[in-house]
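J.: Chains as they are written, first to last, in our numbering: chain A, 1 to 95; chain B, 1 to 550; chain C, 1 to 213.
Honestly, the hints are just simulated from the structure, not real lab data. Everything hinted at is true.
To spell it out: a stretch of chain A is covered by chain C in this simulated footprint if at least three of its residues, at any positions, have a beta carbon under 8 angstroms from a beta carbon of chain C; those stretches are:
#	stretch
1	18-27
2	35-43
3	63-76
4	81-91
Only pairs whose alpha carbons sit at most 35 angstroms apart, straight line, appear in this in silico DSBU-like list of lysine-lysine:
#	chain 1	residue 1	chain 2	residue 2
5	C	Lys-115	A	Lys-9
6	C	Lys-115	B	Lys-245
7	B	Lys-192	A	Lys-9
8	B	Lys-292	B	Lys-192
9	A	Lys-9	C	Lys-90
10	C	Lys-90	B	Lys-192
11	C	Lys-115	C	Lys-90
Label-pair restraints from in silico Cβ distances:
#	chain 1	residue 1	chain 2	residue 2	range
12	B	Ala-195	C	Ser-20	14 to 22 angstroms
13	A	Ala-13	C	Pro-53	31 to 39 angstroms
14	B	Pro-19	C	Ala-96	40 to 48 angstroms
15	B	Trp-31	C	Asn-92	38 to 46 angstroms
16	C	Leu-106	B	Val-315	49 to 57 angstroms
17	B	Trp-495	C	Ala-109	56 to 64 angstroms
18	C	Gly-130	B	Pro-19	57 to 65 angstroms
19	C	Leu-5	A	Arg-67	33 to 41 angstroms
Where a beta carbon is used, it is the ideal one built from N, C-alpha and C, also for glycine.
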Amino acid sequence: MTASHPTAKVLLANYAALMVLLGATALASHAPLGVWRTPISLLIAAVKMALVFLFFMQLWYRRGLIRIFAAAGFFWLSIIGVLTFCDYLTRGWSP
Amino acid sequence: MSTIATAPEPAPAPRSAVPNYLESDHTVSSWLLTLDHKRIGLLYLFSITFFFTIAAVAAALMRIELLTPAGDLVSSETYNRLFTIHGVLMVWFFLIPSIPTVLGNFVIPLMIGARDVAFPRLNLASWYLFITGGLFTLYSILAGGVDTGWTFYTPYSSTYSNSHVMAMAAGVFVAGFSSIATGLNFIVTIHKLRAPGLTWGRLPLFIWSMYATSIILVLATPVLAITLLLVVLERVFGVGVFDPKIGGDPLLFQHLFWFYSHPAVYIMILPGMGVVSETIAAFARKPVFGYKVVAGSSLAIAALGFLVWGHHMFVSSQSVFAGVVFSLLSFLVSVPSAVKVFSWTATLHRGSISFETPLLYALGFIGLFTIGGLTGVMLATLPIDVHVTDTYFVIAHFHYVMVGGMVMAYMGGIHYWWPKISGRLYHEWTARIAALITFVGFNLTFFPQFILGYAGMPRRYHVYPQEFQALNVLSTAGASILGLGYLMPLLYLTWSFFRGRRAGPNPWGATGLEWQTASPAPEHNFEETPVVTTGPYAYDQVAGSQSIPS
Amino acid sequence: MSNSLLHPSPPPYSDREQHSVANHLGMWTFLATEILFFGGLFACYSVYRWFSPEAFAVGSAHLEFWIGTVNTGVLLTSSLSMAFADLVVKTNSRRAVQWCLIATWLLGALFVALKFYEYYLVTREHHVPGAHFHFEGAYAPQVELFMFLYFAMTGLHAAHMLFGLGAIAWLLRLNYRGRLSAEHDAPVAMVALYWHYVDCVWLFLYPLLYLAR
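Chain A extracted, bound-state conformation (with noise of 0.2 angstroms):
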């Protein structure tokens, strides 16, 4: 992290891996993957955000109180599906 932004190169590499990670993507999705499909779609989506958020909005070379700034969004969303999804997933329990 000596750089304080990327160089035209990192971007340009960055590039190609997304556009390899989104052909990955739409080939995933005509393959017999079954129950995988979604998962691995999911996590082909997830891996490109982090590029981009690396990369192209620089986290890389941030420190790290951006870093939490970027992460605390996140981790908030995910007390929403928690805790929404434990009652959904429990409806069905009787005491």
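Add chains B and C to chain A, keeping to what the hints say.
T.: Structure of chains B and C alone, referenced to chain A:
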């Protein structure tokens, strides 16, 4: 009763050549286009007082109707619209803005030694967003109102109600962005604009509680926004995500709505706790006991407050398992609040106490918030909640924390910082009497409601069985006294603004950077950026050098 | 003169570095609010896909895969040109900044155009939820719910794209007047962060809406 122990201040400082923020320009555009955080605080003060008045009139009409068991003043339709107006305006256009936008805007930069907030233009934009939201809401009221309650539960709000839901939802949606902008501004201000030497560990507790409040403002409000947007879309399209006809679940609305609205109540109480910390320290002339723990508990309340929303849904058909989880988490969130109450009590112990008005309000807060908080723990208990949910017990609980707690803290803060805001002193004895009237009126209004609720009187009804009348009459009588208690400050504070005795920089002899500059505050806050070398509440040093008249 | 929009005082910072960090903190805070704003919709989607996975598969199969895929590529390319705009503004080259911003704007506009074309296709097939919805096949009610989520999520995203296009137009105007430079690059940096974020939202919308088949 001892008089205030302070550095002798027989006459205010001579009027300096540096204009204060009130007199630097008198044109209308200098107010409506201001970038000065202090003027923006005043713009908010006038706005929220206006909305408070409308909401209070709605409450008065409700209480008058409830004098008799029969529905003889208004129809049930009208009554539904009255409690909706009261809830929507009080929550979103009075309580949530109150301390943050009035006192927060005014005091935070002064308290941290900054010239303004981080984004002054965003600050002005937040006021205009607030006003725009308010106009939408006013339009919906004038066009006939909304009858869904401030909670907008689906499917009534999304499908069946024939009232002006979209306009009111739009108003709240827009006002929500005002909240977000304010919270964002405060977070960056507190991170980046502290004066040299003002480390996090030296920040006054008001700043800690405003920081915690801002986290909630920023992270919770967007979820309210999307939820209201979905209700509006459902009304526009005729179908939506909360519609069982296409496989939707009305309860999902409640999950999303309360994900915001429970943390919202912590938006409403944390700033009040910050004010109480400041006033207790100032009028006991002691550092707050357990500074680190109090600061940490503000953050804990903000974080834990996001995990408990299901306690509003115990009887809504959420799963029993989820109910147990939310109940347990709700017990947990009461702990940091209790910690604060113990800290304040320990601060008062062996302090050099003088009963100025801000302290009277702070003491009222501690007592009434404790009652409200304890009844909250009762409501978090599943079997009790099943019995008292949707009764006046719940109404009494939240009015104890919101009105007995937050509004008292707001009044205390207004009085405490009044000299800095107006450059004048209010009349102390009049203010003390008003505080006592408010306290008596409040308890007379809301304590009977605990009993009524426990006995089974449901909320949001304009009629009730005959046996509940005596307590209802008592409650309405209390409300009229409470109204007097609120009217008095409106009058004497306004009077003091023009005719009160002029105040010096530090009439209370309090610590804090805001008291190191003139009253009213100069336009750019400080002539030179202050440098901080001690912690907050350095009263030991101050007290040692003052004479304390007995 | 009082500090107002007509006579603004200098912002309350002691140096450029402090101002820059404050801007970045502010923008990331705003992006956190956007994560939660869209997040509410993602939460709804998750719940209802869990309720009726087959209906979502059916609904997704009726969307145009190629529009979704091409649009994803278009947005990723626009993020590249936006990142370059942020890079070249530090070299004080007005022309380079101009071309990067124009490229970004055109790609963004292409995205919106393809999206509106897609909406037109959906409308033609009577798959717009509401009074005119008509779907032949199994799970028709839940497919309507899927289509509601489709319109809500892509519509909100498109609204954010339109704001972004407006912001880029504003940057072009600033650049034209010579107001962007290595010393004054904050506007580009801030709009770039927003633009990349809106791209990221789409990176998740794409598999959830188009690839659930």
